[in-house]
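J.: Take these sequences, add in the hints, and give me the full structure.
Going down the list, the protein sequences come from chains U and R.
Just so we're aligned, residue 1 is where the first sequence starts under our numbering, counting upward by one.
Just so we're aligned, residue 1001 is where the second sequence starts under our numbering, counting upward by one.
Hints were generated in silico from the structure; no laboratory data involved.
Some clues are possibly wrong.
Stated by the list, open to error - Derived pair list, reagent style DSS-like, types lysine-lysine, alpha-carbon separation capped at 25 Å:
(1) Lys1280/R / Lys1220/R
(2) Lys1014/R / Lys1280/R
(3) Lys1139/R / Lys242/U
(4) Lys239/U / Lys1139/R
(5) Lys152/U / Lys211/U
(6) Lys170/U / Lys1165/R
(7) Lys170/U / Lys152/U
(8) Lys1196/R / Lys1165/R
(9) Lys1139/R / Lys1214/R
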Amino acid sequence: MKALTFTLVGEPPERLDLSGLTPERLAGKGRRDIENIRIGMSRRGSLVGDMFRVAGSDTSSIVFEGGSERFDRLAEGMQDGSIRVVGGAGAQAGRAMHGGALTIEGDAGPHAGSCMRGGRIEIHGNAGDHLGAPLAGELAGMNGGVAIVRGKAGAFAADRMRRGLIAVLKGAGDHAGSRMIAGTLAVAGGTGEMPGYLMRRGSILLDRAPKKLSPSFVECGAPDSVFAAVIDRYLVGEKILKHPLLGRSPRRYGGDNAVLGLGEILFPA
Amino acid sequence: MPKLKRNLRVNGVKIDDTFAEAFGMRATALLITGPSRKWARQAAISMTGYATSVIGCGCEAAIDVDVPPSATPDGRPGCRVMVFAVSTDELAKQVLNRVGQCVLTSPGSACFADLTGVAELKLGASLRYFGDGWQISKKFGGRHFWRVPVMDGEFLCEAMAGLTKDAVGGGNLLLLAADNAGALAAAEAAVAAIGKVRGAITPFPGGVVRSGSKVGSKYKSMTASTNDAFSPTLRGVTKSELGPGDNAVLEIVIDGETSDAVAEAMRAGIGAVTELGPGKGATRISAGNYGGKLGKFHYHLKDLLP
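T.: Structure representation (structure tokens):
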């Protein structure tokens, strides 16, 4: 069977809610049924058939030929299978994913991977603000899985992250890892203001010393770290990074002591 | 003991037409790494100390194979260690105590699970409490680790270790020689060859037993006693299995992750002993059994010839 392919016929005239186009929600549906799914978020109410040319039938493998920053809620709640976007995506891509793989070959908007619990998101371009973070009113952000951003991430990446791994390869904005509950955020390419601001637990792994750190972090020296060796080998082995991030004895700062203080920021000594 | 037929010979070494009788066991495997080969082995040796026989030690354990840095999760030298016990509860207790007292305490060590099985034992999930609240949980790549702060940095330990119920304990070879030097040379050759078989260990000192046992004793308190049939000084006063020229016998006891691993190890051992030949080593190879009624696994020597 060929992958179920949605070929974008033109720039969408409204924001699109693509949360209904996941492998489990499309399973068993025929092409006509799929084309009649409403995805437009304004009164215009565009249908799938208005925006895409639909081909293929393998709902476990979905391809969007062409992307748009108006593609919202892409792969939301996905459990299994794969979705690939040949282009960019809008807000909340991969939100609350439980499994499967989402690949975005362009940029993603804000709240990518928000509250995801499992699976793997790979964004070849940049990600907007609040990568993996909760929406307003939610208590915790990313709760499992892996999110990889090969470009830059905006501000508040991994905000209130609880579990899982986020890797950003070309730098993150201000307050990366703010209010982290646990989990691991790896950033190559530098971070903005105050990484780890009000983090309770969790690990922020950097490839260089942070430019400005909250004074409520304390230096803990640079003892040999087996964890650093293991995560370095994992990141390189999974082809997330080309080179080790930390080395054998990274410098460690503990914090944020303005809150629980059990988190850490590690970077090469 | 079944009647012996002594007409099988390989490179001049007699092979008895008999079999080793072995039992089902529970087992786990751990990968212990250290800052150098010396310290990885030191942690592994300490952890597997006093673990020769379940009769008196609670478990049987030994280093399975050395693991090169390129094959360990942290890129440091490592040792694969196997631990065998008769029950899941005993295995869990032994592993936890031994890792807690011998690996956690060893400079620069880390401990990883190295076996995927039907069940799991708590490892770091229990040892983490040593961290007194400062321990850190890390989950990535489908694995769960605990980082426990210690005086030289951190002890990294996998949260759970796999357990197999397909393990086999009690595979064995009896090496008969004209003198002690010959028996020891044969035993050393066999242990070296078995050491290359992944998934099989020889838990006794240096892999060798000189005090093979039989079931039962004339004393009520003893469950096992000396194997008089293979003890040269008792020739003539007991029903001996030894010929007139057999003056020393050493035993190799083998535990394996699977029955195939035990068979492969016995094959390797027989191969090494026969290659050495009767002039420098053993003149005869036999095996211990209980008539085939106690153990589920039987390894016939004639089926394991090189």
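J.: Confirm or reject each hint.
T.: So, going through the hints one by one against the coordinates:
1. Lys1280/R / Lys1220/R: Not satisfied, since the Cα-Cα distance of roughly 41 Å exceeds 25 Å.
2. Lys1014/R / Lys1280/R: 14 Å, holds
3. Lys1139/R / Lys242/U: 21 Å, holds
4. Lys239/U / Lys1139/R: Given pair Lys239/U, Lys1139/R holds - Cα atoms ~18 Å apart, limit 25 Å.
5. Lys152/U / Lys211/U: 17 Å, holds
6. Lys170/U / Lys1165/R: 48 Å, violated
7. Lys170/U / Lys152/U: 5 Å, holds
8. Lys1196/R / Lys1165/R: Answer holds: Lys1196/R to Lys1165/R is near 23 Å, not above 25 Å.
9. Lys1139/R / Lys1214/R: Given that 25 Å is the threshold and the Cα spacing comes to 48 Å, the pair is violated.
The structure fails to meet hints 1, 6, 9 from the earlier list, while all remaining hints are met.
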